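Below, each chain spelled out in residue letters.
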Amino acid sequence: MRKYHLVRRADSQLKRTLIYYAIGILISLTIGAVILISLGINPFEYYGRMFTIGLVGNRYGYKSVEGLLKIFVPLLITSLALSLSFKMRFWNIGGEGEFLIGAICASIVAFNSSGLPNFVTVVLMCLAAMISSGIIGVAIAALKVKFNTNETLMTLMLNYIMLYVIRYIGDTKADWNFFLRKDSERPIFGSFPESAVMQGIHFGKFNLLWSVIIAVILTVIIYIYLKFTKHGYEISVVGDSSSTAKYAGMSVGKIVLRTMFISSALIGLAAALAVSSAGTVSDTITNDVGWTGIIVAWLSKLSVPAVFVTAILISVLQYGCQAAATQYPAIDINFADLLQGIILFSVLVADFAANFRLVKKEEAKNA
Amino acid sequence: MKKLLSMLVTAALALTSVFALAGCNSTAGEGGKGGNGKSGSDFKVGAIYINSQNDTSGYTYAHHHGITEAMKKVGLDPAKDLFIVDNVPEDDEKVKQAIDQLAGNGCNIIFGISFGYLNAMDEKAKEYTDIIFSHATGYLSNDKNFNNYFGRIYQARYLAGIAAGYKSLALKNNNIGYVSAWGTEYAETCSGINGFALGVLSVNPDAKINVYEISTWGDQELERQAAETLIDTYGCCVIAQHCDSAQPQIVANEKGVFGCGYNSDMTKEAPKAHLAAPIWNWDAYYATAIKAAMEDPANFMTKVGNYYEGLNAGLVDVSALSENCEPQTKEAIEIAKKMMVSGEWDVFSGVKLSFSGEAGSVAVAKTDAALVDNTGKEIVVAGGKSVDDGVIQGSMNYYVQGVTQVN
Numbered sequence: 001m002r003k004y005h006l007v008r009r010a011d012s013q014l015k016r017t018l019i020y021y022a023i024g025i026l027i028s029l030t031i032g033a034v035i036l037i038s039l040g041i042n043p044f045e046y047y048g049r050m051f052t053i054g055l056v057g058n059r060y061g062y063k064s065v066e067g068l069l070k071i072f073v074p075l076l077i078t079s080l081a082l083s084l085s086f087k088m089r090f091w092n093i094g095g096e097g098e099f100l101i102g103a104i105c106a107s108i109v110a111f112n113s114s115g116l117p118n119f120v121t122v123v124l125m126c127l128a129a130m131i132s133s134g135i136i137g138v139a140i141a142a143l144k145v146k147f148n149t150n151e152t153l154m155t156l157m158l159n160y161i162m163l164y165v166i167r168y169i170g171d172t173k174a175d176w177n178f179f180l181r182k183d184s185e186r187p188i189f190g191s192f193p194e195s196a197v198m199q200g201i202h203f204g205k206f207n208l209l210w211s212v213i214i215a216v217i218l219t220v221i222i223y224i225y226l227k228f229t230k231h232g233y234e235i236s237v238v239g240d241s242s243s244t245a246k247y248a249g250m251s252v253g254k255i256v257l258r259t260m261f262i263s264s265a266l267i268g269l270a271a272a273l274a275v276s277s278a279g280t281v282s283d284t285i286t287n288d289v290g291w292t293g294i295i296v297a298w299l300s301k302l303s304v305p306a307v308f309v310t311a312i313l314i315s316v317l318q319y320g321c322q323a324a325a326t327q328y329p330a331i332d333i334n335f336a337d338l339l340q341g342i343i344l345f346s347v348l349v350a351d352f353a354a355n356f357r358l359v360k361k362e363e364a365k366n367a
Numbered sequence: 001m002k003k004l005l006s007m008l009v010t011a012a013l014a015l016t017s018v019f020a021l022a023g024c025n026s027t028a029g030e031g032g033k034g035g036n037g038k039s040g041s042d043f044k045v046g047a048i049y050i051n052s053q054n055d056t057s058g059y060t061y062a063h064h065h066g067i068t069e070a071m072k073k074v075g076l077d078p079a080k081d082l083f084i085v086d087n088v089p090e091d092d093e094k095v096k097q098a099i100d101q102l103a104g105n106g107c108n109i110i111f112g113i114s115f116g117y118l119n120a121m122d123e124k125a126k127e128y129t130d131i132i133f134s135h136a137t138g139y140l141s142n143d144k145n146f147n148n149y150f151g152r153i154y155q156a157r158y159l160a161g162i163a164a165g166y167k168s169l170a171l172k173n174n175n176i177g178y179v180s181a182w183g184t185e186y187a188e189t190c191s192g193i194n195g196f197a198l199g200v201l202s203v204n205p206d207a208k209i210n211v212y213e214i215s216t217w218g219d220q221e222l223e224r225q226a227a228e229t230l231i232d233t234y235g236c237c238v239i240a241q242h243c244d245s246a247q248p249q250i251v252a253n254e255k256g257v258f259g260c261g262y263n264s265d266m267t268k269e270a271p272k273a274h275l276a277a278p279i280w281n282w283d284a285y286y287a288t289a290i291k292a293a294m295e296d297p298a299n300f301m302t303k304v305g306n307y308y309e310g311l312n313a314g315l316v317d318v319s320a321l322s323e324n325c326e327p328q329t330k331e332a333i334e335i336a337k338k339m340m341v342s343g344e345w346d347v348f349s350g351v352k353l354s355f356s357g358e359a360g361s362v363a364v365a366k367t368d369a370a371l372v373d374n375t376g377k378e379i380v381v382a383g384g385k386s387v388d389d390g391v392i393q394g395s396m397n398y399y400v401q402g403v404t405q406v407n
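Note that the protein sequences, when read in sequence, are chains A and B.
Going by the numbering used here, the first residue of the first sequence is number 1, and it counts up by one from there.
Going by the numbering used here, the first residue of the second sequence is number 1, and it counts up by one from there.
Hints listed in this document are in silico derivations from the structure and should not be mistaken for laboratory results.
In this text the structure is predicted, and so the values were computed from the model without any measurement.
Note that beta-carbon positions come from the ideal geometry of N, C-alpha and C, so glycine has one too.
Careful: at least some of the hints might be erroneous.
Here are the in silico distance ranges between beta carbons for each label pair [claimed, not checked]:
| no. | chain 1 | residue 1 | chain 2 | residue 2 | range |
| --- | --- | --- | --- | --- | --- |
| 1 | A | L153 | B | Q220 | 51 to 59 Å |
| 2 | A | Y62 | B | V391 | 42 to 50 Å |
| 3 | B | P89 | A | S38 | 22 to 30 Å |
| 4 | B | N54 | A | I213 | 39 to 47 Å |
| 5 | A | L153 | B | W217 | 45 to 53 Å |
Sequences and hints are given; from them, build the entire structure.
Below you can see the structure in the form of structure tokens.
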């Protein structure tokens, strides 16, 4: 009887990894192409539109770039935040929930901000979101530190709790509910007053939102924080081995609490920027960044510059898939989702294959 | 090292996109199906759907079918001139992005079919003043390029009610069931229930309409359970519905009772049970709107405006009566339909219709009678004019006499 073992490759060859990735992507695009051809669509043309996010021949191309950036900013910040906690092996998969708490609290400020200056309102929204998300993050970290609860389970459940909270807000017509549009018989989320809507710098027609600039600056700060500060060093030591950290005299509990606060607060900030850019809130405001962010962080091996680049590429993939689907009446978003899934999956498999290999048991013994 | 690897992955991704682009450029000359190829006409239609255009039944299907039929009617090719963003949730940000996409592709008119697209369409209509925005089930509009549209489906439901009424008389069973997505929370469901009930009562004044609310627009399992409860517990002999799937009709078929579907002729799903279904012919509106937008977009709001039509415009109707219907049904429905088409009479007025007589000699009596809700409150005085359209569309929140919600 043959038995196979997975063995981590001793060497990590750059060339091999590169080839594996290329093969993975090529295979996924080929699968997509077969489906497209079966629907009578030229796959080259389709992929062309997809990877150019539908910019070619678009009379409002600058809007597409703005739309892309609105997807990119929350994804980038959330992925960075998740990388922080993953680095110390704290499996925070509650990105969705933390994002929604932030979004709700920022919206509470926003809906009651008429008359306040724009800058003040947006700062207050960010603070409200960061503090609320941060507290929830710390609470879950505290349970882990104090009672050794399973943070994966806790953060996962948080996602659903918050999803239902915001759905409840969105579906409940009542006098107290300032989230909803007043003149509508049916419950529907209202729009923020002008004071709470994110402004930007205009380059001709193109409006570069401040949130994009904030996100880029934040990336640099987090990079420095992780690379050059004592805190950053502590996080990586805790991630490598909490016993080592303990013996080195570090207070592991404190580090976990602090890092989780920063991680959740950052996700809250992402939410505040997202609702402010959107000018409203909804139960789909997260755009699944809590989940996609995990993939981004993972694909990037938790490296900050890589997160930045990967977040751009995933945003292009997401936005491009929708843009391309729009131009073909036969293609619905399910196909776009399917293609995205196939591409991400094959990249992950390629990553795995580049780092591990299958060996027969005897071989493994000999090795 | 790891960092470098990840950078390379992304580089690889970027590289493939460049290849794909090159491929695109080489084929662009063929003038593909997308928006950039030159088609016969420059007019382009945009649509934002709550579900997928590839659905085979339900709300989005009905609208998509209507848009494609209408486009063919006015000489546009749906394969070239139609741009769709589908599965768009009721989220302003996502709707706005969808509109930007459609605008960027050069759409001249954009239809949004779900109520929750309201804010985004209102806002974007001000931004893209050269594009016409048309919103189903909404209540906002402006005087230049933004209207709303819906139909008097309660008229079609009244007609289906007549079919159900005759069935209950024949079976000597006054209990009629109604599986509804929502109850009095939404004027759309509430006016539908009332319209149907008044139709039933015009034939069988002793009938009792039992409404079971499932509190969601579509859930096949709940729709099924609701129908089962109405038949088993409340002894209903006809099951009407305002929900997405044909499950209530299928249950009626299984249990040997009868039913009135919705949205499409459900006789094929329930051959032994189905009587007639209130249906939408959205192409009636879409053809009007697209034609007006093509010919004279500047005067769209004076020519089309906010659109709320019914049997008269062919926007709503009942499906072909099945063989399960009682013999008098056809004549009675024709009489009522004629009165509504001519505008002589409407459902929610202070005048009620009563049908009598056998097949071949069905007669109708018009009598002044107050429209009363099921708590005894008078809504319209005897002989009074119909309830306002605004109420029927937006704020009707009472059941008429004869209706009970069972859950």
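Of all the hints numbered above, which does this structure not satisfy? Sort the numbers upward.
Per hint list: 1 and 5 violated.
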